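Q: So you can see what is in the structure, the chains are spelled out below.
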Amino acid sequence: MTAVTEPGLGALAQPHAPARPRRRRKVDAFPYLLLAPAALMMVIVNLVPIVQGMRMSLLKLNQYTLSQFMDAPFVGLRNYRGVLLDPANPVHSGMLGALRNTALYSLLVTACAVSIGLAVALLLNRDFPGKALARTLLMLPWVVPTYVVGTLWGFMWQRDEGIVNHVLVDVLHVMDHKPFWLIGSNTFFAIVIPTVWRAWPVLMLIFLAALQAVPEELYEAARLDGATAWQRFRHITLPALKPVIVIQVMFQVIDNIYSYNIVAMMFGKGAGYPGEWGDLLMPLLTRQSFSYWRFGEGAAVSFVMMAVMLVFVAVWMRTFRRSMTDES
Amino acid sequence: MSAPSRPARSSALPAWRWLSALVLATGAARASALELSMWVMPVTTNAQNDIPALIAPWIAAHPGITVRVTVLDWESGWNKITAAAASRRGPDLLELGTTWMPAIAAMGGLEPLSAAQLAEVGNGAPYYPELWKTTQVFGRRGVYGLPWYADVRAAFYRTDVFRQAGVDPAQAFATWDSFHAALRRINGITVNGKRIGALAYAGKNDWNVVHNLAPWIWNAGGDMLSADARHSALDTPQALRAIDFYSRLAVEGLVPANALEKDSDILEGAWVGGEYGVIFSGPWLMRRIFEAPPGSGVRENFDVAPYPAGPHGHATFFGGSNLAIFKGSRHKAEAWDLVKYLGGKAPQVRLSLLSSMMPARVDAANDPAWTSRHPVFAKLTAIAADGRAYPPIPAWGPLETVYTKHLGQLAELTAGIGDKYSEPAMRAMVHDTVTEANKVLEEAE
Chain F
7 MTAVTEPGLG ALAQPHAPAR PRRRRKVDAF PYLLLAPAAL MMVIVNLVPI VQGMRMSLLK
67 LNQYTLSQFM DAPFVGLRNY RGVLLDPANP VHSGMLGALR NTALYSLLVT ACAVSIGLAV
127 ALLLNRDFPG KALARTLLML PWVVPTYVVG TLWGFMWQRD EGIVNHVLVD VLHVMDHKPF
187 WLIGSNTFFA IVIPTVWRAW PVLMLIFLAA LQAVPEELYE AARLDGATAW QRFRHITLPA
247 LKPVIVIQVM FQVIDNIYSY NIVAMMFGKG AGYPGEWGDL LMPLLTRQSF SYWRFGEGAA
307 VSFVMMAVML VFVAVWMRTF RRSMTDES
Chain A
70 MSAPSRPARS SALPAWRWLS ALVLATGAAR ASALELSMWV MPVTTNAQND IPALIAPWIA
130 AHPGITVRVT VLDWESGWNK ITAAAASRRG PDLLELGTTW MPAIAAMGGL EPLSAAQLAE
190 VGNGAPYYPE LWKTTQVFGR RGVYGLPWYA DVRAAFYRTD VFRQAGVDPA QAFATWDSFH
250 AALRRINGIT VNGKRIGALA YAGKNDWNVV HNLAPWIWNA GGDMLSADAR HSALDTPQAL
310 RAIDFYSRLA VEGLVPANAL EKDSDILEGA WVGGEYGVIF SGPWLMRRIF EAPPGSGVRE
370 NFDVAPYPAG PHGHATFFGG SNLAIFKGSR HKAEAWDLVK YLGGKAPQVR LSLLSSMMPA
430 RVDAANDPAW TSRHPVFAKL TAIAADGRAY PPIPAWGPLE TVYTKHLGQL AELTAGIGDK
490 YSEPAMRAMV HDTVTEANKV LEEAE
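Quick note, the sequences are listed as chains F and A, same order.
In the numbering used here, each number is its position in the first sequence, counted from 1, plus 6.
In the numbering used here, each number is its position in the second sequence, counted from 1, plus 69.
If you're looking for bench data, these hints aren't it; they were derived computationally from the structure.
Mixed in with the good hints there might be a few duds.
What the hints assert, rightly or not - Computed cross-link-like contacts, DSSO-like style, restricted to lysine-lysine with a CA-CA straight-line distance of at most 27 Å:
1) K508/A - K202/A
2) K396/A - K202/A
3) K508/A - K66/F
4) K263/A - K202/A
5) K184/F - K414/A
6) K396/A - K448/A
7) K202/A - K414/A
8) K137/F - K248/F
9) K66/F - K396/A
10) K149/A - K396/A
11) K149/A - K401/A
12) K396/A - K414/A
13) K149/A - K409/A
14) K448/A - K66/F
15) K409/A - K184/F
Note that the coordinates shown come from a computational prediction; the quantities given were computed from them, not determined experimentally.
Hey, can you work out the whole structure from these sequences and the hints?
A: Rendered as C-alpha cells:
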C-alpha cells in the first residue's frame with residue numbers, strides 16, 4: 007500500500023517540485039483572460055460614462071455651451087449648490103415635492119408589491135388543478151412593457167370614460183361619484199397602482215421558487231408539534247424567505263426611486279409635469295435638465311441621486327448582510 | 070511547357086482588366102452621384118413616400134443628385150437635431166419647427182443665407198411676415214431658412230349645434246362677451262342624441278397649453294414676453310385678464326371638466342365624434358373631418374371662425390415649419406437649391422394638399438388649388454392674416470416648457486377639486502411661472 011502512495015507524496019518533496027506553482031499561475035490567469043472582454047466592456051459602458059457624467063456635473067453645460075461639450079466652462083460645485091440650495095434654480099423647482107412623492111411612492115409600491123407577491127406565492131405553493139395555467143396568467147402584467155402600462159392606465163383612469171371609475175361607481179357602487187384620478191392629489195395613486203400591478207407578479211414568481219426550496223419536513227414537524235398556520239409562516243416560511251425578501255426589497259426600492267416610464271407615458275404629452283402629487287425625481291430630472299437644456303445641473307442631480315442610492319445600498323447590505331448570506 | 074500557359078495568361082489579363090475597369094467605373098459613378106440627406110417631420114401621414122414624391126420634379130431637373138429622406142418624429146426629433154447641431158454631423162437640409170429654429174441657429178447648427186440667396190427669394194416678401202420672422206434669431210442679423218408650411222389656429226364649430234341653440238355664429242365669435250354668451254347657450258344641449266359640451270380644450274397633459282392660451286393673451290393686449298424679450302410678460306394686467314377669462318370658461322363648466330384630463334388629439338377626435346360644440350385647432354383637423362364617416366353629422370355641419378376679438382383684436386397663433394441648411398453640410402449649394410425649390414409656390418401648394426397644413430407663402434395660400442379644396446381652407450387663409458408667432462428667441466424651447474408646466478396646472482384649479490379656482494390662486498400660479506421663466510431668460514443672456 008505504501009509503495010503505491012509514497013511516490014505521489016514523495017514527489018511533492020522532490021527538488022523539481024517548484025514547477026507546480028508555475029502551472030498554477032497559468033491556470034489562474036485563464037479565468038482573468040476570459041473575464042477581460044467583459045471587464046473591458048464594463049469600463050467602456052459604465053465607467054467611462056460615469057466619469058464623463060461626473061465631469062459634466064462640474065461644467066456650465068447648457069443650450070449655449072452644448073457645442074463645446076466637454077470644453078464648456080468649468081464651474082466647480084456651482085451646479086450642485088444651484089440644484090440643491092437655490093430655490094430660484096429651475097432644476098431645483100419642485101424638487102422637494104418630487105422627493106416627497108418618490109419616497110412615498112417607493113415605500114408604498116415596494117410594500118404592496120412584496121406583500122401581494124408573497125401572498126399569491128403562498129397561495130400558489132400548493133397543489134390545485136390548473137396551477138401552471140394560473141401561474142402563467144398571473145405573470146401577464148409583468149410581461150407588459152412599462153410604457154404600455156403607463157399608456158393603458160392613462161386611459162383607464164379617465165374620469166368619465168375610464169374603466170376604473172366604471173367598475174368602482176357603476177358596477178361595485180363603492181363610490182357615489184366618479185373622481186378624477188389624473189388631476190389633483192389622486193394622481194399619486196394613479197401612478198402607484200399601475201406600478202404595483204406590474205411589479206408584484208415577478209416577485210410572486212421569485213418567492214414561489216424560494217418557497218419550493220423550503221423542506222416539507224419542517225412543516226410536517228411543526229404540524230406534529232401543533233403549530234398553527236400563522237406560527238408555521240412566522241417561524242418557518244418567513245425565516246426561509248428572508249434572504250430573498252431582503253434582496254428583493256432592495257431591488258424594488260432602487261427600481262421605484264428610478265421609476266420613470268409610467269409617469270412619462272401617462273403625463274408626458276405636455277411639459278411632462280403630472281402635478282404636485284404625481285411628480286417623481288426621475289421625470290423631474292429628465293424634464294428639468296433636458297427640456298430646460300441644463301445638462302450640467304442635470305448631471306449634478308444624477309450624481310446626488312447615485313450617491314444617495316449607494317449609501318442606501320451600503321446601509322441595507324450591511325444591515326442585512328447576515329440575512330442575505332445565511333442559508334438558514 | 071510554358072507556352073500553353075501564356076495564352077491562358079494573356080486571355081486572363083484582359084478579363085481582369087475589364088473587371089478592374091468595371092469596378093473603377095462603378096466607383097467613379099458612385100463618386101459623381103451626389104446624395105443629399107434631408108430630415109423632415111411627419112407632415113403627412115405617409116411622409117416617407119410623400120416627400121420623395123414632392124421633390125421628384127427637382128430630382129428630375131438635377132440628374133446626378135439623389136435625396137435620402139429621413140422622417141423623424143416630433144418627440145425624438147428635437148434630441149436628434151440638437152445632437153446633430155452640437156456634433157456638427159447631420160443632414161444637408163432639414164425641417165425645423167418655427168420655435169426650434171432660433172435655438173438651433175444660435176447653437177451654430179444652421180447656415181445663414183447669403184445676400185444673394187435672400188435676393189433669389191425676394192428677401193422673404195412672398196412669405197407671411199410673421200413666419201419669415203421665425204427664420205431669424207431675435208435681436209440678431211441673419212436669416213437661416215425659408216418657411217415651409219404653416220399651422221394657423223381657428224375656432225372649429227358645429228353649425229348644427231349653433232343652429233339648434235339659435236346662436237348666430239357671426240355674433241358668437243365677434244367678442245369675448247358674445248363668445249361667452251354663445252357657449253352658455255350651446256352648453257348641455259342635446260344634438261344627435263349627444264349632450265354637447267360647449268368648448269373643448271386640454272389641461273396639463275398636452276403640448277398645446279401655451280398655443281391655446283397665447284391668442285387670448287395677445288387679444289387682451291398682453292404678450293408672452295416683454296418687448297425686449299428679456300422678461301416674461303405673463304403677469305401684466307392684460308395677460309392676467311386673458312388667463313382669468315380663459316380659466317373661467319372651465320370653472321363655469323363651459324369646458325367640461327373631463328376635457329381637462331385629455332390631450333388635444335383625443336379632444337379633436339371627440340369633437341369630430343360630436344361631443345363638443347367648439348374647439349380651437351389647426352388645418353390638420355380637416356384630415357380627421359374628411360376621414361369621418363359620411364352621415365356622422367360633423368362633415369356636413371361645421372365651419373371655422375377667427376378667435377373672438379378681445380380688447381386688442383383677434384390674433385391667432387401662427388406656427389409651422391421652416392427648411393434650413395445644416396451648417397455641417399458639404400453640399401450647401403445643392404441643399405439651398407432644394408430648399409429654394411420647396412419654398413416655391415407650386416411645391417408649397419402641393420404639400421398643403423397632401424398634408425392639409427397651410428402654405429407658408431401668401432400666394433400659395435391664396436392659390437385656388439388650396440382655397441377651393443374646401444371653403445374652410447379659404448377661411449383659414451383669411452384668418453392667417455392675423456397670425457402671430459412667438460418672438461424667435463433661442464430660449465423659447467425651455468421657456469415653453471416652463472409655461473406649459475405651470476399654466477397646465479390651471480387645470481388643477483379649474484377642474485373644481487382641491488384648491489378651487491380664484492383670481493389670487495391664479496395670480497400666485499402665474500407669479501411662479503414668471504419667476505421660473507425669468508430665470509431661464511436670465512440664463513440666456
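Q: To test your reading of the hints: which numbers does this structure violate?
A: Violated: hints 4, 5, 6, 14, 15.
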